[in-house]
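Be aware that the sequence shown starts at -4, since it is given in the working numbering, and climbs by one per residue.
Derived from the structure by calculation, the hints contain no laboratory data. It is possible that part of the hints are untrue.
Stated by the list, open to error - Here are the computed distance ranges between Cβ atoms for each label pair: (1) Ser50 - Gly23: 21 to 31 Å; (2) Gln46 - Pro99: 29 to 39 Å; (3) Pro35 - Ser(-3): 38 to 48 Å; (4) Gly13 - Pro35: 31 to 41 Å; (5) Asp33 - Gly13: 26 to 36 Å; (6) Ala95 - Gln15: 15 to 25 Å; (7) Gln100 - Arg76: 13 to 23 Å; (8) Gly13 - Leu37: 31 to 41 Å; (9) Leu22 - Glu53: 29 to 39 Å; (10) Pro35 - Gln15: 17 to 27 Å; (11) Ser(-3) - Arg48: 26 to 36 Å; (12) Ala41 - Asn1: 13 to 23 Å.
Stated by the list, open to error - No more than 25 Å apart at the CA atoms, straight line, and that leaves these computed lysine to any residue pairs for SDA-like: (13) Lys17 - Glu6; (14) Lys17 - Leu32; (15) Lys17 - Glu45; (16) Lys17 - Ala51.
The C-beta atom is built at its ideal place from N, Cα and C for all residues, glycine as well.
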Amino acid sequence: MSLHANPHRGEIVATLGGRQWKLRLTLGALAELEAALDAPDLLALAERFEQGRLSAAEAITIIAAGLRGAGHDISDEEVARLECENGVAGYVDIIARLLAATFPQAADGQ
């Protein structure tokens, strides 16, 4: 069975570890990212993402927060072990789609 994302809720669907998952950056997930990435507020967090430079550890943190925001009980360590079909490019695609779904105005250049 195929999962479907609700774009009005900022959801995406991604395949990790051979399984489809929903991801969503809720307000709680964004607060988690602010703390983990040492960003003082949402604007600083969005600006950091716009720079397009993330470490592998930050990528894990973002994907894990998105999974937990969608209701999955999963640790960063478990996320780090999930393989992505297209390797590093696949992880980058997941993060880009998740951020675009969360910050649609930034994705549209507004």
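Do the hints match the structure? See the list:
1. Ser50 - Gly23: 21 to 31 Å: Holds: the Cβ-Cβ distance is about 23 Å, inside 21 to 31 Å.
2. Gln46 - Pro99: 29 to 39 Å: The hinted range 29 to 39 Å is violated for Gln46 and Pro99, with Cβ atoms some 19 Å apart.
3. Pro35 - Ser(-3): 38 to 48 Å: Holds - the Cβ-Cβ distance for Pro35 and Ser(-3), about 39 Å, lies within 38 to 48 Å.
4. Gly13 - Pro35: 31 to 41 Å: 38 Å, holds
5. Asp33 - Gly13: 26 to 36 Å: 33 Å, holds
6. Ala95 - Gln15: 15 to 25 Å: 19 Å, holds
7. Gln100 - Arg76: 13 to 23 Å: Cβ of Gln100 to Cβ of Arg76: about 34 Å, so the range 13 to 23 Å is violated.
8. Gly13 - Leu37: 31 to 41 Å: Once the Cβ atoms are compared, 34 Å apart, the range 31 to 41 Å for Leu37 and Gly13 holds.
9. Leu22 - Glu53: 29 to 39 Å: The hint (29 to 39 Å, Cβ to Cβ) is violated, given that Leu22 and Glu53 are roughly 20 Å apart.
10. Pro35 - Gln15: 17 to 27 Å: Taking Cβ atoms as reference, Pro35 and Gln15 lie about 35 Å apart, which means the hint is violated.
11. Ser(-3) - Arg48: 26 to 36 Å: Between Ser(-3) and Arg48, where Cβ atoms are some 33 Å apart, the hint holds.
12. Ala41 - Asn1: 13 to 23 Å: 21 Å, holds
13. Lys17 - Glu6: 7 Å, holds
14. Lys17 - Leu32: 22 Å, holds
15. Lys17 - Glu45: Given that 25 Å is the threshold and the Cα spacing comes to 23 Å, the pair holds.
16. Lys17 - Ala51: 21 Å, holds
Checked against the numbered hints given earlier, this structure breaks hints 2, 7, 9 and 10; the rest are met.
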